[in-house]
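The listed protein sequences correspond, in order, to chains A and B.
When we follow this note's numbering, the leftmost residue of the first sequence carries the number 1, and every step to the right adds one.
When we follow this note's numbering, the leftmost residue of the second sequence carries the number 1001, and every step to the right adds one.
Derived by calculation from the structure, the hints in this document are not laboratory data.
Don't take each hint at face value.
Said to hold, decoys possible - With the Cβ distance kept under 10 Å, some of the chain B side facing chain A (calculated, not the full set): (1) PHE1054; (2) SER1058; (3) ARG1077.
Said to hold, decoys possible - Taking lysine-lysine pairs in the DSBU-like style, the calculated list, with each CA pair at most 30 Å apart, reads: (4) A:LYS244 - B:LYS1065; (5) B:LYS1231 - A:LYS244; (6) A:LYS342 - B:LYS1231; (7) B:LYS1259 - A:LYS249; (8) B:LYS1107 - A:LYS244; (9) B:LYS1065 - B:LYS1014; (10) B:LYS1259 - B:LYS1224; (11) B:LYS1018 - A:LYS244; (12) B:LYS1231 - B:LYS1259.
Glycine residues also receive a C-beta, built at the ideal position from the N, C-alpha and C atoms.
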Amino acid sequence: MPFYRLTSVQILFSVLLFCGLFLLYLSFGAIHIPIVDILALFKAYLVGGSELALKEQPLASAVVIHIRLPRACTAILAGGALALAGACTQGLFKNPLASPDVLGVSAGSSFGAVVAIVTGYSFMGPIWLPIFTTVGALAAAAVIYTLASRHASTQILFLILTGLALSSLLGGARMGLLLMAQQYEMSQFVFWAMGGLDGSSWSQLIWPAPIIVIVSILLLRESRALNLLALGEESAHGMGLNIKQTRFKLLMFATLLTAMSIAVAGPIGFIGLMVPHLVRLIVGPRHETLLPFSAVFGVIFLLVCDLIGRWIIAPNELKVGIITSFIGGCYFIGLIIRFQRKGSFV
Amino acid sequence: MSVALLTVSQLSYKAGSKHLLTDISLSIQPGELVGIIGPNGAGKSTLMKCLSGFQGYSSGEVLIKGQSLTTLSDIDRARDLSYLPQYSDTAFPFSVMETVGFGFHVKQQTQVMSAQTITEQTIDALTLVGISHLKDRTITALSGGEKQLVHFSRLLVQGAPLMLLDEPTASLDIGHESQLMNVLYQACQQGKSALVAIHNLNTAAEFCDRLILVDQGQIIAEGKPNDVLTKENIHRLYHDLVMVSQHTETGNTIVSPYKK
C-alpha cells in the first residue's frame, strides 16, 4: 500500500477498542463487577468524590479504585511507553528490528532494578526504583550511543550483536549480584523479573507516570525529525536537522520511557519490537501516525495480554511478561519466515 | 559583481595524521553549474561533506552568502544550501510522495503549507525529473537509480539557491543521467547554483560552466571544461588507458576508455 491515510474509521475503531477493553479489564476478575456498576462508580466519583462512590458502590469502589484501576493505569503507562520507546528506537537507528530489548537498554534498566532490590533501596520509597532503572538504562544507552556514533554501527547485524553482548554482560553481572542477595530479596527479584502488573499500586505510579506522559508528548513532537532521520543522517542534515542534538534527545526519550516502564511493571519483553513493527504495516511508516498508534496499540496489547494471563489459569494468574514473551517469540519467528519469503522485514 | 553564494578559503581537513583536504579555495556565483571531478579517493565526497556542514574541517573558512557556515543555524543553512549525499537509503517503506514531501521541512518552519500545495509541488518536481509514474510506489521497492531520482526531486522541492550534489548520476542510466543534468542545468539558468561531484567527464564537460579537478585532496586545475580536461591532466590522473578527443560538432572534450 503506497499511501497510508488514517481514516476516521481507523481512529474511531482504535478509541472504541481501547474503551471497551478498558471496561472489560476493570470488570473481569475473581470478583466480577458489572460494567454498569463501573460506569455508575465513575459517575459517582466525578459528582461526589470518593465518599459518594464508596457509599453508592462499596464493592466496586474497593475492587476497582484500589486494585484494578491502578493495575490498568500501570498497563496503560507501561504498554504505551514501551511501544513508543520501540518506535523511537527503530526510527532512530533506521532499523525495523531495533528495540530497547534488542539494544540492551532494557537489560541496563533491569540491572539497575536488581541493584535497587538487592541493596534494599527499592523498599525505602517509591522514588528509588525509577532512579535505579533510569541510571541503568542511561549507562546502557551511553554505550549504544558511543558505538552508534560510528557509521558502520547502524548496520542491523552490528546493532543486534552489540545489544546481545551488552545484555549478556549485564545478565552475568545481575546473576553475580544475586549471589550476594538474601532469601527475601531473591524471591522479590524472581517475582519482579517475570514482569507483571499484579500488586500495582497508586504509590508506584507517582514518579513514573508524569515522566512517561511528559516524555511521550515531547517524543510525539519529534515525529518529523524521525521521518527525516529515517532517510539517513546526511540527508536529514541537508534538510536542516541538527543531527547530534536530535539523536541525543531521541535516545534520551527512548531510554527514559523504557526505564520508567520497567520501574512500574518489570521487564516486559517484545512490546517495543513487535507493536511498532505491526503498526507500521497497518498505518505506514510516517512517524506522525506511527508514534500515536504504536502507543495506543501498545496499551491495547498489554491490556489484552494481562487479561489472558488473568483468565487462562483462573483463579490463579500468569504473569503478563510470560504472555508477551510467548506472543513476541512467535511474532519474531513469523518475521524470520517473512524475511525468508519476501527478503524484507517491513 | 554580486556576492558569491559559496566562498571557500583555504579549507583543510585532517583525519588523524592524514591530510584529506589541503588548502581548497573556490567560489560559486549565482547561476553557475560547477563540477568537481577527480579519480576515486581524490577527496570529492569529503569536500562535499565539509561544504554541507555535515563534517567539520580542520582549518579555513566556508561562507554561504557571505556568512560563515559554522555560525548559521541548521535551518538557515538548509534554506540557502541543500545537499544530496552519495547514498540516501531507508529501511522504511515511505511512499515516493512522502519521501519527496520531506523536502518541504525547511519551508514548513516559516510558512504553513496546505496538503494540496505540497502534493501539487511534489508532483511538479517528479514530473520535471521524469518519474511521475513512480509517485504511488514505495521507496524501498525502487531500484538504486530510481531512488536517486526521488531524492533529487526532494532536493528540488527544498528550493535552496545553492545545491550540493555528490555523484547524483552514479547509478543512473544514460537517459536519466541526461534528464537529471538537464533539470539541474535549467535550474541554474533560472538563477540557482549547483556544485556537483561527478565521475562522468563527458557529462561534466557538456553541462558544467566550470570544472574543478581534485586529486589527493588538492585542487589540481580549475576553469572551463576544455581548459581542465587536457590530455596532460587526464593521463596524469586517470592513467594512460583513457583516450581524449574533441567532439567534431560541439568542440567539447570527449574522454573514453580504450582497449590496450
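Here's how the hints hold up against the structure:
Contact between B:PHE1054 and chain A, as hinted, is supported at the beta carbon level, the nearest pair being about 5 Å apart and thus within 10 Å. At its closest, the beta carbon of B:SER1058 sits 19 Å from a beta carbon of chain A; the interface hint therefore is violated under the 10 Å criterion. For B:ARG1077, the suggested interface contact is upheld, since its CB lies about 7 Å from the closest CB of chain A, less than 10 Å. The hinted pair formed by A:LYS244 and B:LYS1065 meets the criterion: a straight-line CA distance of about 25 Å does not exceed 30 Å.
The hinted pair formed by B:LYS1231 and A:LYS244 fails the criterion: a straight-line CA distance of about 45 Å is larger than 30 Å. Between the alpha carbons of A:LYS342 and B:LYS1231 the distance comes to roughly 50 Å, so the proposed pair goes past 30 Å and is violated. With a C-alpha separation of about 55 Å, the suggested pair B:LYS1259 and A:LYS249 falls outside the 30 Å cut-off, and the hint is violated. For the hint pairing B:LYS1107 with A:LYS244, the CA-to-CA distance comes to about 22 Å; that is within 30 Å, so the pair holds.
Taking the CA atoms of B:LYS1065 and B:LYS1014, the gap is near 26 Å; set against the 30 Å cutoff, the hint holds. With a C-alpha separation of about 29 Å, the suggested pairing of B:LYS1259 with B:LYS1224 holds against the 30 Å cut-off. As the CA atoms of B:LYS1018 and A:LYS244 are separated by approximately 25 Å, the hinted pair is consistent with the 30 Å bound. For the proposed pair B:LYS1231 and B:LYS1259, the alpha carbon gap of about 17 Å is at most 30 Å, so the pair holds.
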